[in-house]
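Participant: Residues per chain are reported as follows:
Protein chains: 2
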Amino acid sequence: MSVLVVGSIALDDIKTPLEEHSEMLGGSASYGCVAASFYSPVNLVGIVGEDFPDEHVDFFRRRNVDLTGLKIVPGKTFRWSGEYMWDLNIRETRSVALNVFEHFTPTLPPQYQETPIVLLANIAPDLQHHVLDQVRFPRFVIADTMDLWINIARQRLVELLARIHLLILNDGEARQLTSETSLIKAARKLRDMGPQYVAVKKGEHGCLLFGAENQFFSCPAYPLEDIHDPTGAGDTFAGGLAGYLAKNGAEVEFSALRRGVVHGSVLASYCVEAFSLERLKTLTADQIACRYEMFRRLSQFDVE
Amino acid sequence: MSVLVVGSIALDDIKTPLEEHSEMLGGSASYGCVAASFYSPVNLVGIVGEDFPDEHVDFFRRRNVDLTGLKIVPGKTFRWSGEYMWDLNIRETRSVALNVFEHFTPTLPPQYQETPIVLLANIAPDLQHHVLDQVRFPRFVIADTMDLWINIARQRLVELLARIHLLILNDGEARQLTSETSLIKAARKLRDMGPQYVAVKKGEHGCLLFGAENQFFSCPAYPLEDIHDPTGAGDTFAGGLAGYLAKNGAEVEFSALRRGVVHGSVLASYCVEAFSLERLKTLTADQIACRYEMFRRLSQFDVE
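Top to bottom, those sequences are chains A and B. Under this note's numbering, the first sequence has 231 at position 231, and the numbering climbs by one with no breaks. Under this note's numbering, the second sequence has 182 at position 182, and the numbering climbs by one with no breaks.
Because the hints were derived from the structure by calculation, they are not lab data. Warning: the hint list may mix true and false statements.
Pairs involving identical chains hold if they fit within one copy or between any two copies, as the list cannot separate such chains.
To be verified - Capping the alpha-carbon separation at 30 Å, the derived lysine-lysine pairs in DSSO-like fashion look like this: (1) LYS281 x LYS189; (2) LYS71 x LYS189; (3) LYS76 x LYS281; (4) LYS202 x LYS71; (5) LYS247 x LYS15; (6) LYS185 x LYS281; (7) LYS76 x LYS202; (8) LYS15 x LYS202; (9) LYS202 x LYS189; (10) LYS15 x LYS76; (11) LYS76 x LYS185; (12) LYS71 x LYS185; (13) LYS185 x LYS202.
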């Protein structure tokens, strides 16, 4: 099965305490579609300006991403600039220029309209609605979001929750959206608002997946010694998860979601090993399988 | 096999945003010995004043804790008073009165001197050294510590590390003691200072166990909706782990340590469900087995 990925495609300037890089490939859809492409065919929906380097388009193409839904228009590509502190969990946005992304209201190519798995990567809820409106009979819809949308587009985000199967957000955002400090209670409230499943990302502490009352999964974080650039880790997680579900096919059951969350975590753990999508460019299926097994080992213990 | 537990025995005044209780049974040895007693015989080393209520002594006795090493002397029992904020991870010590504990330099009863598993619960490193000096051929020595000792007795703590097999501390303390922000690097430095294994507690995010280069275990936290009193969770964790290792017997291998860390986490998860040791008073072996299985379910996923 295929995955439809809609989100931002950006050129990022990123600064960490140790390195600084500019005009790097970024954006939620870039990370999401490349991550998903390790598992299944991907239909990309996005927009870039004429300044968008050919090499990035070629990279998407090499990953077998369908680019029928990628608009290249006059003007400048969306730009984001951010800086990380020594605690790489803390990020400061230095500047944002939406550019061609500002008035993006895509029309889905006909061959995209029945994509069974939909990943609404982190973008404005309005745009997530607009794309979802055009998908017929989606089997499983995943939406990622962030604090910005909780702050400035809360109502549209809440409306979206009723239309999706899985919501992905981080722990602070889950608390912010529900006014609950307990993540258990927050996840229950979020599920009451629509999605059957909620994945709460906890950065270096892994991820919690919540389903029906007795469905709960705690995925550890991979113990990385050096994280070079946390940018896109969440988008990569969402893309890997969506891609895995598409590959797994048919019904999405909790056991498949558990494996999907691990695959998303595997890809995110690779993503942060280098700036931008650089590490994903050289990643192989064998490396994914190897780290998946490492995740299994680091969380296993015997029946007693 | 038996466990020797040395640490503080206290009467605690504890305030949370929702409740306040005074003169509750507390202290690292109280939590540690009761937790260990669910798995193996325990030899307790500690001191209390004549004001120490008989009911607490009776409780230890009912748990089959050997009290030959418990000194009851004229004067007042060690008292601690603390307050938790809405984020129950943040605690403020309001007052400490060492009382009879101040000059405690125990002489081990002869029958304690060959206890194979030793738990040096959270107390001053000097006292931990003093007790360890008197144990002949210990098979496995576990030491718990806290930021206070890193601040005021760092050198003695560092000397202790060379004498123990497993160090238990929380993430902030691991970083403080090593000046490393990465827990992987911090654990490696700590292991270079002596202990073969390091367990890093992360509160609501579970626990990481580090051994030799390829020995790593990530234990999730049990998803509790309501935590009533976090006091003693770390001491209970250490006690459950030590007790399990004693029950498991013979050689302490990494697979046994994994299970021990889960058992410690199971007991700690029950401990925080009520104030003081109240929940441990009614805890049963069946409940421990049930939650152990829950821990297994919440962290398992299939081979893929």
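Participant: A separate judgement is required for each hint: does it hold in the structure or not?
Facilitator: Hints, verified against the model:
Taking identical chains as interchangeable, the C-alpha atoms of LYS281 and LYS189 are never at most 30 Å apart, the minima being 39 Å within one chain and 33 Å between chains. With identical chains, the CA atoms of LYS71 and LYS189 are never at most 30 Å apart, being 38 Å at best within one copy and 51 Å at best between copies. Taking identical chains as interchangeable, the C-alpha atoms of LYS76 and LYS281 lie at most 30 Å apart only when both belong to the same chain, with a minimum of 24 Å there against 67 Å between chains. With identical chains, the CA atoms of LYS202 and LYS71 are never at most 30 Å apart, being 34 Å at best within one copy and 46 Å at best between copies.
In this assembly of identical chains, LYS247 and LYS15 lie within 30 Å of each other by CA distance neither inside one copy nor across copies; the values are 35 Å within and 52 Å between. In the homo-oligomer, the alpha carbons of LYS185 and LYS281 lie at most 30 Å apart only across protomers (28 Å), although the nearest pairing inside one protomer, at 39 Å, exceeds that limit. With identical chains, the CA atoms of LYS76 and LYS202 are never at most 30 Å apart, being 34 Å at best within one copy and 45 Å at best between copies. Taking the closest pair of Cα atoms, LYS15 and LYS202 come within 30 Å of each other both inside a single copy (22 Å) and across two copies (28 Å).
For the identical chains of this complex, LYS202 and LYS189 are neighbours both inside a copy (18 Å) and across copies (25 Å), given an alpha-carbon limit of 30 Å. Taking the shortest Cα distances, LYS15 and LYS76 sit within 30 Å of each other inside one copy (22 Å), while across copies they are farther apart (57 Å). Neither within a single protomer nor between protomers do LYS76 and LYS185 lie at most 30 Å apart by alpha-carbon distance, with minima of 43 Å and 43 Å respectively. Proximity of LYS71 and LYS185 under a CA criterion of 30 Å is satisfied in neither setting, with 41 Å inside one chain copy and 45 Å between copies.
With identical chains, the CA atoms of LYS185 and LYS202 are at most 30 Å apart both within one copy (16 Å) and between copies (20 Å).
Violation of the numbered hints given earlier is confined to hints 1, 2, 4, 5, 7, 11, 12; the remaining hints are satisfied by the structure.
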